[in-house]
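Chemist: Using the sequences provided together with the hints, build the complete structure.
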Amino acid sequence: MARLAVLLWLALAGLLPSMTGPAVAKSNIVIVSTTTSTQDSGLLDVLVPMFEKQTGLTVKTISVGTGQALALAARGEADVTLAHAPGLEKKYVDEGKMSNRRLVMYNDFIVIGPPDDPARIKGLPRALDAFKRIAESQSRFVSRGDKSGTHTLELALWKQAGIEPKGAWYIESGQGMGQTLGIANDRRAYALTDRATFLAFQKRVDLPILVEKDRPLLNIYSVMEVNPANGPRVNARGGKAFADFMLAPETQAVIKSFGVDKYGQALFVPVAGKKDEDL
Amino acid sequence: MGLFGQGVLEAFRLLLAGDSEVWQITWLSLQVSAGATALSLLVGIPLGALLALSRFPGRALAVSLVNTGMGLPPVVVGLFVTILLWRNGPLGFLELLYTPSAMVAGQFVIAAPIVTGLTLAAVQQVPDAFRLQMLGLGASRAQMLWVLLKEARLPMLAAVMAGFGGVISEVGASMMLGGNIRGSTRVLTTATVLETGKGNFDLSIALSVILLLITFLVNWALSFIQQRRRA
Chain A
0 MARLAVLLWL ALAGLLPSMT GPAVAKSNIV IVSTTTSTQD SGLLDVLVPM FEKQTGLTVK
60 TISVGTGQAL ALAARGEADV TLAHAPGLEK KYVDEGKMSN RRLVMYNDFI VIGPPDDPAR
120 IKGLPRALDA FKRIAESQSR FVSRGDKSGT HTLELALWKQ AGIEPKGAWY IESGQGMGQT
180 LGIANDRRAY ALTDRATFLA FQKRVDLPIL VEKDRPLLNI YSVMEVNPAN GPRVNARGGK
240 AFADFMLAPE TQAVIKSFGV DKYGQALFVP VAGKKDEDL
Chain B
0 MGLFGQGVLE AFRLLLAGDS EVWQITWLSL QVSAGATALS LLVGIPLGAL LALSRFPGRA
60 LAVSLVNTGM GLPPVVVGLF VTILLWRNGP LGFLELLYTP SAMVAGQFVI AAPIVTGLTL
120 AAVQQVPDAF RLQMLGLGAS RAQMLWVLLK EARLPMLAAV MAGFGGVISE VGASMMLGGN
180 IRGSTRVLTT ATVLETGKGN FDLSIALSVI LLLITFLVNW ALSFIQQRRR A
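Respectively, the protein sequence lines represent chains A and B. With numbering that gives the first Met the number 0, letter number 197 in the first sequence gets 196, and the count goes up by one each step, no holes. With numbering that gives the first Met the number 0, letter number 67 in the second sequence gets 66, and the count goes up by one each step, no holes.
Keep in mind that the hints were calculated from the coordinates and are not lab data. If you're wondering where the values come from, they're calculated on a predicted model, not measured in any experiment. Yeah, the Cβ is synthetic: ideal placement off N, Cα and C, and Gly gets one too. Be careful, since some hints might not be right.
Here are a few chain B residues that face chain A, going by a calculated C-beta distance under 7 Å [stated by the list, open to error]:
#1 L90
#2 G196
#3 R227
Covered by chain A, according to a simulated footprint, are these stretches of chain B (three or more residues, beta-carbon under 8 Å) [stated by the list, open to error]:
#4 91-104
#5 168-180
Modeler: And the structure:
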């Protein structure tokens with residue numbers, strides 16, 4: 000019993016205080032809500048320390064699906080958002096929840112699938128036609144099903160194709176891109192994925208790229224500041240500092256070369272100053 | 000060699016090479032879960048003993064609630080505590096969300112019912128006659144309680160192990176409350192989820208092996224205390 004008491008005391012006295020770490024003034028914390036792909040690709044691991052060094056601010060990155068990232072920001076639970084679902088983003092901007100939406104970078108989505116290609120979509124120039132053929136042939140397709148940016152684009156494509164994806168062939172994983180690729184690989188199914196995650200999983204996924212380089216498959220990342228009226232304690236100054244940082248020339252230069260050493264090609268193309276129409 | 004073997008080798012390489020990020024993640028996991036377990040002992044042991052020894056209307060309901068709480072889904076705890084701690088939430092002024100303290104709070108809610116429930120069971124299995132005899136011999140209530148807890152120490156160490164095991168291994172609450180922020184709230188379980196998501200399977204296996212290893216070491220130390228007298 001005494002020993003237990005000592006253990007207890009040690010745990011409380013020894014561990015808890017050391018955990019609070021260096022005191023950071025609250026207005027020095029910037030909460031960035033963002034999509035999983037920016038973190039899974041490792042880009043933020045490079046950019047965040049740069050930003051912290053330049054500004055002396057501390058960043059807390061909350062990496063979730065784009066849907067959740069925007070929903071959190073709309074509630075004032077974040078200070079700035081980096082997302083990749085232009086349609087959804089514009090809706091939040093129109094509602095006044097987010098402001099100053101600026102393009103940061105893009106990469107692209109690709110449609111991958113089994114090498115024997117039962118829906119015969121290989122080399123089709125338009126993703127829409129590919130989606131139609133997949134649905135018509137009832138070939139297995141794995142969807143993220145999680146309101147992420149990738150899922151939002153996928154749903155938009157089905158809608159444009161006039162298809163309501165339903166049935167045994169349509170599998171909703173409800174998980175991140177990585178896990179979804181794993182399921183697609185296992186079930187020999189088609190999937191829509193961003194190129195960065197696909198490259199990161201090349202060792203584990205042997206599904207080839209079947210459709211690429213169609214305009215709707217552009218994956219555009221934008222940064223938006225959170226309206227301070229969304230809730231108490233929104234750090235508008237910090238949020239703007241992070242947004243400005245993402246567009247600064249030296250940050251854009253880092254984005255331009257990010258991934259070359261690991262994948263032999265850049266994962267993102269920086270586009271500061273451009274508009275959606277320019278791409 | 001298979002993927003798993005590579006992961007195990009990687010685990011030992013990371014630990015021995017003193018990879019500072021892995022050590023920091025491991026250390027934070029231990030701190031958060033030990034802190035939460037310690038707090039839950041402070042609350043759970045007195046509460047469990049009280050429930051075991053007292054008789055009051057609604058006691059059966061209270062015991063059922065504690066026993067239900069022993070199986071609280073971490074992800075549900077994470078969600079509720081997150082909503083409490085939101086900037087917009089009732090405890091938002093504390094600005095605790097996405098800090099290790101928030102993770103301790105969540106894990107405390109998970110571990111406290113486990114410790115309470117197992118303490119209750121441990122104290123109750125001490126025969127009533129023993130308790131009455133002590134009181135008959137002139138022990139004060141406090142003395143009686145102390146002896147009872149001493150008598151029940153072996154099953155109570157099991158309560159410590161179960162509480163710690165429950166929180167060091169959970170991922171749902173830590174992910175939501177901590178946000179898995181690098182260098183600040185990333186623990187072994189959330190890092191494992193992240194690295195799996197990134198496709199770094201050897202690293203995620205390595206992190207899992209480290210998690211198993213420290214869970215084993217902690218339980219081994221506690222079991223050693225528990226079984227020492229028996230040897």
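Chemist: Each hint needs a verdict: does it hold in this structure or not?
Modeler: Hint by hint, here is what the structure shows:
1. L90: Hint violated; L90 of chain B Cβ to chain A Cβ min 12 Å, cut 7 Å.
2. G196: Since chain A brings a Cβ to about 4 Å from G196 of chain B, closer than 7 Å, the hint holds.
3. R227: violated (10 Å)
4. 91-104: It holds: at least three residues are needed, and the region 91-104 of chain B offers 7 whose Cβ sits within less than 8 Å of chain A.
5. 168-180: With 3 residues closer than 8 Å to chain A, the region 168-180 of chain B meets the three-residue bar; holds.
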